[in-house]
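Student: What follows is the residue order along each chain.
Protein chains: 2
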Amino acid sequence: MSHISEPVSAQYKRAAIIGGGVIGISWAGLFLARGIDVVINDPREDIEDLVLAGLDEIAPALAELGLPTESLSAGLSFEADLAKAVADVDIVQENGPERLELKQQIWQTIEQNAPAHALLATSTSTIPATAIAEAMQQPERLIVGHPFNPPHLVPLVEIVPGKQTSEATVQQANAFYAALGKKPQVLHKEIPGFVANRLQSAIFRECVYLVAQGVVTEQELDDIVTSSIGMRWAVAGPFRTFHLGGGPAGLPHFIEHLGRTMEASMWPALGNPTFDDATVALLTEQADEAFGNGTVEELAAERDRAQIALMRALGETPDAGNTRA
Amino acid sequence: MSHISEPVSAQYKRAAIIGGGVIGISWAGLFLARGIDVVINDPREDIEDLVLAGLDEIAPALAELGLPTESLSAGLSFEADLAKAVADVDIVQENGPERLELKQQIWQTIEQNAPAHALLATSTSTIPATAIAEAMQQPERLIVGHPFNPPHLVPLVEIVPGKQTSEATVQQANAFYAALGKKPQVLHKEIPGFVANRLQSAIFRECVYLVAQGVVTEQELDDIVTSSIGMRWAVAGPFRTFHLGGGPAGLPHFIEHLGRTMEASMWPALGNPTFDDATVALLTEQADEAFGNGTVEELAAERDRAQIALMRALGETPDAGNTRA
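Residue numbers (the working numbering), protein chains in the order written: chain S, 1 to 325; chain Z, 1 to 325.
Please keep in mind that the hints were generated in silico from the structure rather than gathered at the bench.
Careful: at least some of the hints might be erroneous.
A pair holds if it fits inside one copy or across any two, identical chains being indistinguishable in the list.
Subject to a maximum C-alpha distance of 25 Å in a straight line, what follows is the list of computed DMTMM-like cross-link-like pairs (lysine to aspartate or glutamate) [stated by the list, open to error]:
| hint | residue 1 | residue 2 |
| --- | --- | --- |
| 1 | Lys-189 | Glu-167 |
| 2 | Lys-183 | Asp-288 |
| 3 | Lys-183 | Glu-57 |
| 4 | Lys-13 | Asp-37 |
| 5 | Lys-189 | Glu-289 |
| 6 | Lys-183 | Glu-289 |
| 7 | Lys-189 | Asp-277 |
| 8 | Lys-189 | Glu-45 |
| 9 | Lys-183 | Glu-101 |
| 10 | Lys-183 | Glu-302 |
| 11 | Lys-189 | Glu-285 |
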């Protein structure tokens, strides 16, 4: 298979993907396209069929991102025994169920069997590395490498060290995901939901409120977002946006004027909806109206094509750094 | 001057822009580029210089959007007398100070002097049309046409009818902004902040919290947003995103699982920051670090270029509909 990114595949020749669900398959596809051999560890009997079907599904997006996809599965193998799966790898990316005890068990087995140089990362979106590592003998080796779904496409990886994670592990994780073509971001503190999901959660609460109040429909709200803040935040985040909205004096001026108004009158007025029966019924009905014209798979493929076009326009496809002068 | 969009300039030959600040100038530039003559009403003595300088500043962005900018000022005039300014126009777009009594006075004068067929719109972001129209004899004619700043560039216009605004006025406003190349969205209810600013406000509260807590810096938070949710929401809004994140069963499945977890554990944990001295000092210091490498004007121009590239990639420049087959 092709090895277009020597810096990655030179140091990382072999990866263990623990858990072959949607996230695991997406990681596997990206690793394989980057020239890293992948061994999948997953107890399900039909795991091979699931993974191969999943790889077929994401291959078009990988190709549009400019990555080689001709013989992805050539570097793929399966190993149902966790200890054996991690015995000879350079990175372990774990995507198991979000249950603390299970993750603690898994990681005890991994640290006892993976090579000493291997990067040990969990994709968890909810469990701090500190908690998982309590059951480990080398807690300094474990780190959260939380992708934004799907990992093969969305650039962000939140790197969240636990209290005992070593600085060397942080640097190793940061360098690895960057070499993969991702945009890793190291958080300075563990916090539930990390950053991206907290922000999503904050805006979604108000989205649900506005639809439940009958101010807009789901489709109308989505159209408002894509044609304003979404388009803005794809090129400049909220702080830069408000800095640029503050006039020549920037963010400090924005805070003194609009920021204080926001705090005094807008924040207290934000909604506090609940998923009661009426709200769920309304959201379900409007989802059917707005998104009922295609399967989730079709709509996702359409969205992903648009996103790749956007990434190309911004020079943010994984190999933009390699292909530009 | 060029008239590339006959449907707009055929019905709307002349506009009055009330208030020649940043928003007024941006509207003026867009109207002029669309072949609509513009009369500016603003009491300031140096208003001509301000507007001409402002038009020079936004002309490059208009040109990159594919609009003609050769002799924008040929269709421009100034009239300090409000009654005279609106006497012979097809649309009034008011961008005065956000003070209710002042707006009520302005609109009483406008409705007494503008032609009966003219579209009467206010750019207000905070005052409901219902309140302004209390002082009008024809309250059915007034409507909010709230742009997302800057109006010449960001597609969204929130159309917010007041309690007495007629359906004919709603339709007229919707058709006008659509013909201008904008993406108008009619809200079903008046609500403080309308939709886009409420959503911005909701996410910004959590942004301030995460920076104040030391989880990330402003620059890091912005990078997280552009490389994940911003990029996503430029092509699919929050509801579509979660519909596609819900598996084959879509949004209802998402709500039953992640939505309920969000309600139970994430929403209550979101931050409630305040702009106290320490927070403002931190935000100011980090803004200087993150954005101190250019003037606001330079950084805004850079952001706008990136955004136009994104809009082109998505086929969302104003004339994409005209230029595509």
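Student: Does each hint hold? Answer for all of them.
Tutor: Verification of the supplied hints:
With identical chains, the CA atoms of Lys-189 and Glu-167 are at most 25 Å apart within one copy only, with a shortest distance of 13 Å there and 52 Å across copies. In the homo-oligomer, the alpha carbons of Lys-183 and Asp-288 lie at most 25 Å apart only across protomers (23 Å), although the nearest pairing inside one protomer, at 34 Å, exceeds that limit. For the identical chains of this complex, Lys-183 and Glu-57 are intra-copy neighbours only, at 23 Å inside a copy versus 33 Å across copies, given an alpha-carbon limit of 25 Å. For the identical chains of this complex, Lys-13 and Asp-37 are intra-copy neighbours only, at 6 Å inside a copy versus 65 Å across copies, given an alpha-carbon limit of 25 Å.
In the homo-oligomer, the alpha carbons of Lys-189 and Glu-289 lie at most 25 Å apart only across protomers (20 Å), although the nearest pairing inside one protomer, at 41 Å, exceeds that limit. Proximity of Lys-183 to Glu-289 under the C-alpha cut-off of 25 Å is restricted to the inter-copy arrangement: shortest distance 20 Å between copies versus 35 Å within a copy. Taking the shortest alpha-carbon separations for Lys-189 and Asp-277, only the inter-copy value of 23 Å comes in at or below 25 Å, while the best intra-copy value is 37 Å. Within a single copy, Lys-189 and Glu-45 get their C-alpha atoms no closer than 39 Å, and across copies no closer than 53 Å, so neither meets the 25 Å cut-off.
Proximity of Lys-183 to Glu-101 under the C-alpha cut-off of 25 Å is found in neither arrangement, the shortest distances being 30 Å within a copy and 50 Å between copies. In the homo-oligomer, the alpha carbons of Lys-183 and Glu-302 lie at most 25 Å apart both inside one protomer (23 Å) and across protomers (21 Å), since each shortest distance falls under that limit. In the homo-oligomer, the alpha carbons of Lys-189 and Glu-285 lie at most 25 Å apart only across protomers (20 Å), although the nearest pairing inside one protomer, at 40 Å, exceeds that limit.
Hints 8, 9 from the earlier list are contradicted by this structure; the remaining hints agree with it.
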